[in-house]
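Asks: Below, each chain spelled out in residue letters.
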Amino acid sequence: MHRSKALYGVAGLVYLFLYLPLVVVVVFSFNDSKLNAEWVGFTWKWYEKLFNNREMLTAAANSVIIATASALIATVLGTFAGVALHRFRQKWLSTLVLGPIAMPDILIGVSLLLMFILFNVTLGTVSIILAHVSFCIGFVALAVQSRMAGMDQSLIEAARDLGATPWQGFCKITLPLLMPGIIAGAMMAFTLSIDDFVITFFTAGVGSSTLPLEIYSMVKIAVTPEVNAVSTLLMLLTLVLITALSRFAPNALRS
Amino acid sequence: MSRLERWSKALISLPPAAYLILFFAVPSLMMLLASFRYTGEYGGLAPWYYIEDGGITLDLTLENWARLFESTIYLNLLVKSLTYALATTLICVLMAYPVALMIAGAHKRHRDLLLLLVILPFWSNFLVRIYAWMIIFSPQGALTMAANKLTGLLGLEPISFMFSPIAVIVCLVYVHLPFMILPLYANLEKHDTRLLDAAQDLGANRRQRFWLITWPQSLPGIYAGAVLVFIPSLGIFAIPDLLGGTNGIMIGNVIKQQFVEARDWPFGSVLSLVLTAITVLLVLLAARFGQPKGAGNA
Chain A
1074 MHRSKALYGV AGLVYLFLYL PLVVVVVFSF NDSKLNAEWV GFTWKWYEKL FNNREMLTAA
1134 ANSVIIATAS ALIATVLGTF AGVALHRFRQ KWLSTLVLGP IAMPDILIGV SLLLMFILFN
1194 VTLGTVSIIL AHVSFCIGFV ALAVQSRMAG MDQSLIEAAR DLGATPWQGF CKITLPLLMP
1254 GIIAGAMMAF TLSIDDFVIT FFTAGVGSST LPLEIYSMVK IAVTPEVNAV STLLMLLTLV
1314 LITALSRFAP NALRS
Chain B
2 MSRLERWSKA LISLPPAAYL ILFFAVPSLM MLLASFRYTG EYGGLAPWYY IEDGGITLDL
62 TLENWARLFE STIYLNLLVK SLTYALATTL ICVLMAYPVA LMIAGAHKRH RDLLLLLVIL
122 PFWSNFLVRI YAWMIIFSPQ GALTMAANKL TGLLGLEPIS FMFSPIAVIV CLVYVHLPFM
182 ILPLYANLEK HDTRLLDAAQ DLGANRRQRF WLITWPQSLP GIYAGAVLVF IPSLGIFAIP
242 DLLGGTNGIM IGNVIKQQFV EARDWPFGSV LSLVLTAITV LLVLLAARFG QPKGAGNA
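Chains A and B, in that order, give the protein sequences.
Heads up: take any position in the first sequence, counting from 1, add 1073, and you land on this note's numbering.
Heads up: take any position in the second sequence, counting from 1, add 1, and you land on this note's numbering.
Any given hint could turn out to be false.
[What the hints assert, rightly or not] From chain A, some residues computed to sit far from chain B (all C-beta separations above 12 angstroms):
id, residue
1, Tyr1092
2, Glu1111
3, Ala1232
4, Leu1250
[What the hints assert, rightly or not] What follows is a list of derived Cβ distance ranges for each label pair:
id, chain 1, residue 1, chain 2, residue 2, range
5, A, Gly1114, B, Pro16, 53 to 59 angstroms
6, A, Gly1085, B, Leu63, 54 to 60 angstroms
7, A, Cys1244, B, Gln201, 53 to 59 angstroms
8, B, Asn248, A, Gly1114, 44 to 50 angstroms
9, A, Leu1089, B, Lys81, 50 to 56 angstroms
10, B, Val80, A, Lys1293, 26 to 32 angstroms
Honestly, the hints are just simulated from the structure, not real lab data.
For each residue, glycine too, the CB sits at the ideal point set by N, CA and C.
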């Protein structure tokens, strides 16, 4: 294609726009000043403070527990859903599975809050997990479905011809072939859960804070450079997860 | 269909369907019912029926819906939120187009890297990205200082980016930009470049080639991206909360306020249902004009 120099210039500026804010956060996490205004000098002290912040550490542990549980449950249900979406093409099922992806988070959050309270479900770790699973299923299903679509059906037919039962065919052929999609879906679910703020905000109770909720209350009350430090660490974690994800399933990221 | 097949169909579809009916469909229906109920004595919801003299009396109302139209406050808020979301979408189109064009035109070896660079900031935590803009727009920050040196020289009032609609829209664009770039790229990548060559041979200049060939073909990609940008930006509450101040609030803030602070669930449900209706309408429109698979982009 014929591309002008101006195009590269403008596109470069957009990339700058995407990265500058993140660079600012990382740089200021090492700034020896309480204000996020000008550079004073290099320090590790915000990281030290962070690792002595009990609430922050509890919240981080909570986030990991919730994300692990949500990812596990969502992966099992999402794999079923992905297979069903590909095989049966039922419209009601795809509306149900993909609906939560299209809905604004706040609507999922408040409607679940409403239901949990009316059914006397105690808000806490369990209610957060229940909520996270419901929006993660769709993402896992999409990853699995796209893997199903790319699968060579003749392998299954060959297995059948050689006398495999449908169950054997599924366990020995389909499941192993689906594995990269399942793993990609699981990792996506984990990342989405650990990053989620809005739905967690509505479904969390007293004493079940997660890292994003901690960051929100810290930022809301008073800005301290500790937030820069935790943000930088979160970015690092995301980078590791993304690298792993692009390893396992290069196509999962732009499905 | 054989019996075995029917059984396996039910066995595979049932677990995820049951879960989502319980934790997605039922709560949505409860919200619909809640919008017709009275507010409880201590907030929350009053019962929706009474058992009196052996009979059941329904106790539902249209009051909450009437409140939406009683004053212009909520309609204005809705219009303002739609305007912010629309502005965000348009700016995203303007910024995404050159990037998507560049990636689509880049050498195959570089495409994956260029795409990954678009996705990476999107995967970093949502609050971290908002927080980054709080630093950039802070009154003591370099940007505000520089801007006010300029306004000082020109003899104008000092300006503040923090707690302004500009801050809200910039951050909305920042958070949602990848949602526009990805579907647009996916569309542009499939274009037949021979059309452009043919147009050039026939004497079309660069501008004509873009407006007559590339642009019309890319519209489905833009529709898909517009849904992915417009819907989430409409419902957002954290960005106006942290960057918008009192003038920058959107519909999401009022929904959150009704559920969490005012505990007026019936009216909160009314506002949520209005947002749901807009969402469903937009998804249906996009399914008609764009690629229905758009919603799956993430």
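Asks: Out of the numbered hints, which ones does the structure contradict?
Replies: Violated: hints 1, 2, 8 and 9.
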